[in-house]
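K.L.:
Sequence:
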Amino acid sequence: MDLDQENPQQQVDHAKHTDTAEKGGFPDTATRDGDDDDTSRRLPSNNDMLAREATTTTTTTSSSSRPRSSTSHQETYPEGGLQAWLVVLGSWCALMSAMGLMNTIGVFQAYTASHQLRGYSEGTVGWVYSIYTFLAFFCGVYIGPVFDKYGPRWLIVVGCATTVGGVVSMSFCEDLWQFILSFGLLCGLGTSLIFTPSIAAVGHWFRRRRGLATGLASTAGGIGGIIFPLLLTPLFDRIGFAWAMRVLALVCLLGGLLGVLLVRARLPPAANATPHPDFRIFRQTTFTLTTLGIFLLELSLFVPLTYLSTYAQRQGFSDPFAFHLQPILNAASVLGRALPGYYADVLGPFNVCILSALLSLAACLCVWLPLGHTAPGIILFAVLFGFASGTSIAIAPVCIGSMCKTQQYGRYYATTYTVVSFACLVGIPIGGTIVGASDGDYDNVIIFAAVVYVASAAFLVAAKLTALGRKGWLARY
1 MDLDQENPQQ QVDHAKHTDT AEKGGFPDTA TRDGDDDDTS RRLPSNNDML
51 AREATTTTTT TSSSSRPRSS TSHQETYPEG GLQAWLVVLG SWCALMSAMG
101 LMNTIGVFQA YTASHQLRGY SEGTVGWVYS IYTFLAFFCG VYIGPVFDKY
151 GPRWLIVVGC ATTVGGVVSM SFCEDLWQFI LSFGLLCGLG TSLIFTPSIA
201 AVGHWFRRRR GLATGLASTA GGIGGIIFPL LLTPLFDRIG FAWAMRVLAL
251 VCLLGGLLGV LLVRARLPPA ANATPHPDFR IFRQTTFTLT TLGIFLLELS
301 LFVPLTYLST YAQRQGFSDP FAFHLQPILN AASVLGRALP GYYADVLGPF
351 NVCILSALLS LAACLCVWLP LGHTAPGIIL FAVLFGFASG TSIAIAPVCI
401 GSMCKTQQYG RYYATTYTVV SFACLVGIPI GGTIVGASDG DYDNVIIFAA
451 VVYVASAAFL VAAKLTALGR KGWLARY
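If you count the sequence shown from 1, position 231 lands on 231 in UniProt numbering, and the numbers rise without skipping.
Careful, some of the hints might be misleading.
Stated by the list, open to error - Just the calculated beta-carbon pair ranges, DEER-fashion: (1) Phe279 to Ile239: 45 to 53 Å; (2) Pro234 to Arg118: 16 to 24 Å; (3) Ala242 to Gly469: 35 to 43 Å; (4) Glu174 to Asp237: 13 to 21 Å; (5) His115 to Lys471: 17 to 25 Å; (6) Phe172 to Asp439: 46 to 54 Å.
Because the hints were derived from the structure by calculation, they are not lab data. Quick reminder that beta carbons are idealized off the backbone N, C-alpha and C, glycines included.
Start from the sequences, fold in the hints, and give me the full structure.
P.N.:
Right, dumping it as structure tokens:
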């Protein structure tokens with residue numbers, strides 16, 4: 001029977017079968033657990049929209065003139081081509097500006113704590129950078145739905161302007177509240193405006209190769225984390241902090257403008273898309289467990305990332321050596337973001353994310369804790385942790401994308417990282433408080449990070465088992 005002559009229910013069944021087959025036989029985890037019926041009524045799927053469209057159009061139009069449904073957009077992805085890879089390139093350029101700053105906060109923390117803010121404790125100085133990371137993720141709860149409704153361009157325009165303005169403002173800062181306003185608030189908001197649409201737009205062009213494409217775009221943060229510290233360290237001595245930050249603002253402006261020109265969405269807005277957040281998706285057990293796992297990943301991530309250079313200074317290493325640990329960590333992070341993107345498409349994103357958490361755990365307990373006081377030991381830790389953390393940063397968004405329709409990805413992604421943002425808000429101050437309570441000793445904060453990684457891996461495993469059942473714990477997912 002011709003598909004155009006099928007009734008609406010047959011079209012729905014056909015769409016469901018096609019969607020499942022495209023995912024390699026795995027069920028759609030967006031409706032996997034016991035809340036699927038309830039959630040489906042709250043979040044209309046594209047199959048529902050297809051059925052409604054078929055009902056209304058079959059009585060008024062012929063099969064030759066009927067408009068294509070949104071399902072055809074979902075079933076066909078370019079998976080490459082000039083335009084698709086230009087979007088990845090544009091995303092990369094924009095993310096270098098935003099995530100490059102995020103991967104340089106260790107240098108900012110170490111420098112400002114020993115210069116402009118030397119009268120404050122490490123935990124207090126840490127609030128500048130925790131507010132930044134908090135806003136970078138928290139604001140996504142509104143930015144993601146706006147992306148779903150209107151696309152990425154104007155979000156990136158405003159994000160670029162806000163980020164550059166924040167970096168320029170930071171060049172004039174002398175007191176704590178000034179750093180909070182310029183870097184914490186302005187740069188945090190700007191990073192979020194760039195970060196969410198740049199990542200989400202890549203998903204419009206890739207499905208089967210989404211892990212690889214997202215991983216490649218995510219390498220921008222690592223590259224920025226290499227370039228920015230290597231740029232700033234000599235400039236601090238040659239032209240001072242203020243002009244060094246203005247040079248950095250120029251680099252961020254260039255990356256942001258390239259992102260504005262190249263990043264674009266492909267799919268039309270979802271029929272139920274609104275510029276308002278919707279937390280009802282937390283009724284999906286798999287989604288909730290995954291969000292908790294990513295929450296703990298980020299909670300532990302920013303402790304070593306922020307305090308590694310300060311730790312090296314406390315161990316007696318020179319400032320240039322301490323600052324250059326960040327480029328080493330971020331260089332390894334580039335490999336961690338790019339290579340596992342391919343393996344995530346083969347082994348499954350959840351499996352790769354779990355392995356990255358276990359590798360981070362091993363790096364903390366087996367290298368940083370016993371050998372961090374030696375130069376080879378701390379360099380080895382920077383390499384191992386950089387690779388592992390880069391993997392988790394790149395693959396976590398792919399885990400989220402596996403649980404929803406592509407046109408709802410911005411909403412799902414933003415909702416997860418709104419929760420994750422609170423981990424970023426408290427993680428850095430908690431680390432600084434632990435160091436202060438230990439009289440400057442970092443052993444306890446290293447153990448804290450390791451324990452959190454154990455909990456993160458446990459939640460991700462639980463999410464996988466919820467989606468596939470107990471017999472699926474070794475399956476590709």
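K.L.:
Run every hint past the structure and note whether it holds.
P.N.:
How the hints compare with the structure:
| no. | hint | result |
| --- | --- | --- |
| 1 | Phe279 to Ile239: 45 to 53 Å | holds (47 Å) |
| 2 | Pro234 to Arg118: 16 to 24 Å | holds (21 Å) |
| 3 | Ala242 to Gly469: 35 to 43 Å | violated (59 Å) |
| 4 | Glu174 to Asp237: 13 to 21 Å | holds (19 Å) |
| 5 | His115 to Lys471: 17 to 25 Å | violated (57 Å) |
| 6 | Phe172 to Asp439: 46 to 54 Å | violated (35 Å) |
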